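Each residue of the sequence shown is one higher than the last, beginning at 0 in numbering that gives the first Met the number 0.
Warning: the hint list may mix true and false statements.
Stated by the list, open to error - With a Cα cut of at most 30 Å, we get these calculated DSSO-like pairs of lysine-lysine: (1) Lys-173 - Lys-208; (2) Lys-179 - Lys-68; (3) Lys-173 - Lys-68; (4) Lys-208 - Lys-68; (5) Lys-208 - Lys-179.
What the hints assert, rightly or not - Ranges of calculated distance between the beta carbons of each label pair, as one might list FRET restraints: (6) Arg-624 - Asp-217: 50 to 56 Å; (7) Gly-328 - Leu-493: 45 to 51 Å; (8) Gly-51 - Asp-306: 16 to 22 Å; (9) Arg-277 - Glu-548: 43 to 49 Å; (10) Gln-287 - Ser-227: 25 to 31 Å.
I should point out that these hints are in silico values taken from the structure, not numbers from a laboratory.
Source: prediction; values computed, not measured.
No residue lacks a Cβ here, since even glycine has one placed at the ideal position from N, Cα and C.
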Amino acid sequence: MSDTQVASTAQTPVTRIQVLDARLANQIAAGEVVERPASVTKELIENAIDAGSHRIEVDIEQGGARLIKVRDDGIGIGQQDLPLALARHATSKIGSLEDLEGVSSLGFRGEALASISSVSRLELVSNASEDPTDGWRVVAEGRSMEARVSPAPHPRGTSVSVRDLFFNTPARRKFLRTEKTEFAHVEEAFRRQALSRYDISWVLRHNQKVVHQLPAVDSAASRERRISSLLGRNFIEHARYIERQAGSLRLSGWVGLPTHSRSQADQQYFFVNGRVVRDRLVAHAVRQAYRDVLYNGRHPVFVLYLDLDPDVVDVNVHPTKHEVRFRDGRMVHDFLFSSLHHCLAHTQPHEAAENQDVNNQGADSQGAGSHSIDKPLMDAGSDQTSAAQPGDDTSTPSAPEARWEQQGMALSSHGERHPGAARVRRFMQGYQALHPDHEASLLTPQTRASENATPDPEHQVNEQPLANLMPAEDPTAAPPLGYALGQLHGVYILAQNQEGLVVVDMHAAHERIVYERMKTQWGQNGIDTQPLLVPVSLAASRGEVATVESEQAAIAQLGIEIDIAGPETLLVRQLPALLANADPEPLVRSLLDELARFGRSQQVEARIQALLSTMACHGSVRANRRLALDEMNALLRDMESTERSDQCNHGRPTWTQMNMKALDKLFLRGQ
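Using the sequences and the hints, build the whole thing.
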C-alpha cells in the first residue's frame with residue numbers, strides 16, 4: 000500500500016449532515032439514562048411519585064432483565080395523552096423556562112419512556128378516572144412506530160411493564176451482570192426512593208417473592224422502623240437525629256456515629272428537595288465534618304434531607320439528575336458542615352447515660368454495645384443551632400454534673416493517705432493549662448496539702464477510696480462513666496456506673512481530651528507554651544533541618560520552639576503546655592515529617608487540625624502506664640465534659656459499656 004493510499008484510508012469520510020432516524024436517536028438517548036435494569040426502575044418510580052401516588056409496587060423478574068413492572072395509584076394518564084406518553088421530549092411537568100428554573104418534580108425531560116421503549120418491549124396501561132373499566136393501553140417494541148392505543152381495564156393509576164431489556168441491542172445486553180448483581184442494583188434504587196418518601200407505601204418483589212413491604216408512615220419512630228428495615232437495625236442504633244434550619248435552608252435526618260463507619264460508602268443517602276443526589280459539594284462538606292473523628296479509610300453513614308427554595312438549585316445539569324448545582328454553593332457547604340460538625344461534637348458519655356432507659360429496651364439482644372448508644376437522640380424538635388461552639392466555655396457544670404463534682408470534692412479528701420497524690424498533680428498539669436477551674440473540683444486543698452506527706456504503709460494496700468464507690472442512697476447521682484475500679488494490663492480503665500461495667504481505652508480517651516483543648520486554645524489566644532528547663536538535643540537528618548529552617552513560623556504557631564544547632568543537630572527549647580510531659584523527640588520527628596509532606600507554610604493553616612492531632616497523640620497517656628484511682632477518675636470526668644470524647648482523633652471508640660443484664664446473661668445468671 001502506497002503512502003498516498005494510507006493517508007487516504009486514515010481520513011474520515013465526509014458525508015452530508017442528516018437528521019438521525021427516530022429509533023436511533025432514542026437509542027442514543029437511552030445510552031444516557033438506561034444503563035441497566037436499576038436505572039429503568041428509578042425512572043419509572045420517579046414518574047409514579049410525580050403522579051401523586053400513595054402506593055407503589057415494583058415487580059422484578061430475573062434481576063430485571065426479563066421484567067420490570069411498576070404499578071401506582073396516581074392520577075393516571077388520559078386516553079388523549081397516551082399517544083404522547085412514549086414520545087421524546089413530551090412532558091406534562093414543565094411548559095416554560097420559568098418552570099424549568101424552579102422545577103420541583105423528579106422527572107421533567109420527557110425522554111425516559113421514549114428511551115426505555117427503544118431498547119425494550121414496553122407496555123403502559125393507565126386510567127385517569129375512578130371507573131376501573133375506563134383504562135387504556137399503549138405498546139412499543141423497540142422500533143419507530145405510531146403509538147397504538149387500545150382499551151384495557153385498569154384501576155385508577157398507571158402500570159408500566161418493561162420486558163426483555165436490550166433485546167434489540169445485544170452489545171449492551173451482554174454487559175449485564177448476574178441476576179443477583181443486577182437485582183442488588185435494583186434493590187438499591189428502590190431503597191433510595193423508599194427513603195425519599197415516607198408518606199408512600201412500597202412493595203418490592205423479585206421472582207414473585209416479597210423482598211420489602213413498607214407501609215406509609217408519618218411519625219419519627221415509624222420512620223426509624225423503615226430505615227431499620229432498609230438499612231439494618233445497626234444503622235439506627237448507632238445514629239443520632241439532627242434537625243437544623245438557617246434561613247431558607249433546612250437539614251434533617253440521621254447521622255451515623257463515627258464508631259459506626261463502613262469500609263465503603265454504601266450507606267450514604269442525601270436528598271435535595273426529595274431528590275436523591277450524589278453531589279461533590281455535599282460529599283466534601285460531609286468529609287470535612289467527619290475529618291477528625293473518623294478512622295482512616297472508613298466512610299460515614301447517613302440519611303439526610305436538605306430542603307431549600309427550588310429556585311436556588313439547578314437539577315438540570317445531568318441526564319440522570321444525580322447531580323445538582325446550587326446558586327450559592329459556599330453557603331450550602333458551610334451550612335451542611337457546621338450542622339454536622341456541631342452534631343458530631345456532642346458525642347459525649349453523659350448523652351448516652353441520659354438515654355439509658357431507651358437503650359435498655361434492646362439490652363437483652365445487644366449484649367455489650369459500643370458506648371451503649373442503642374438509640375439515636377430522638378428529639379425531633381431540638382435545634383442544633385444551640386449546640387456549644389468550639390471554644391465555648393463548657394466548664395460550667397449542669398445540675399447533675401455539679402452533684403458529681405461536689406461529691407468528688409467531698410470524697411477526694413479521703414485520698415490524703417493515697418500514695419499517688421503527686422502523680423495526680425503532674426497528670427493534671429496539662430488540663431489546668433486550659434481549665435484552671437477544674438483544679439477546684441479534681442484536686443481538693445486536702446489532696447494538694449498532702450503532696451509532700453509521707454504515705455502511711457498501713458494504708459497502701461487494699462485501700463478502697465470512697466470516691467470509687469457508687470452512691471447507694473442515690474445511684475442516679477453517679478456520673479455517666481462511674482468511678483474507676485482499676486486498670487487492666489496498663490491499657491484499659493475498668494469503672495462501675497449505674498448500668499454496670501465501663502471499659503475505657505485510656506490512651507484513646509486522653510488523646511481526644513488533649514486534642515480538643517489544643518484546638519480550643521488555637522482558636523482563642525494561641526497555644527499556651529512552656530519552656531523546657533534544659534533544651535533537648537536531637538540528631539536530625541539534613542531534610543529535617545531544612546524543614547525546620549523553612550517552616551519556623553509554622554512550627555512557632557504550634558507552640559514549639561526549635562533551634563538549629565548544627566548541620567545535623569536540633570535543639571527543642573519549648574513545647575505546648577498541654578504536652579509538657581511528652582517525649583520531645585518522637586513528637587518533633589512526627590511533626591517535621593507531616594510538615595515536609597504538607598508543603599509550605601501557607602498550607603499549614605489548612606492542615607492545622609491534622610498537625611494538632613499528631614501532637615496530641617504523642618502528648619497523651621501512653622499504654623502500660625500505671626495510674627492511681629484518682630488519676631483514672633480525673634480522666635473519666637474530663638471525658639464527660641469533652642466534645643467528641645466518644646472517639647479518639649482517629650475515629651476509634653474510647654469506651655464501651657456492658658450493662659448488668661448483659662453480664663448476667665454472659666454468666667447464665669437467672670437461667
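Taking the hints in turn, this is what the structure says about them:
| no. | hint | verdict |
| --- | --- | --- |
| 1 | Lys-173 - Lys-208 | 26 Å, holds |
| 2 | Lys-179 - Lys-68 | 18 Å, holds |
| 3 | Lys-173 - Lys-68 | 22 Å, holds |
| 4 | Lys-208 - Lys-68 | 14 Å, holds |
| 5 | Lys-208 - Lys-179 | 14 Å, holds |
| 6 | Arg-624 - Asp-217: 50 to 56 Å | 54 Å, holds |
| 7 | Gly-328 - Leu-493: 45 to 51 Å | 49 Å, holds |
| 8 | Gly-51 - Asp-306: 16 to 22 Å | 19 Å, holds |
| 9 | Arg-277 - Glu-548: 43 to 49 Å | 45 Å, holds |
| 10 | Gln-287 - Ser-227: 25 to 31 Å | 28 Å, holds |
In this structure, none of the earlier numbered hints is contradicted; all agree with it.
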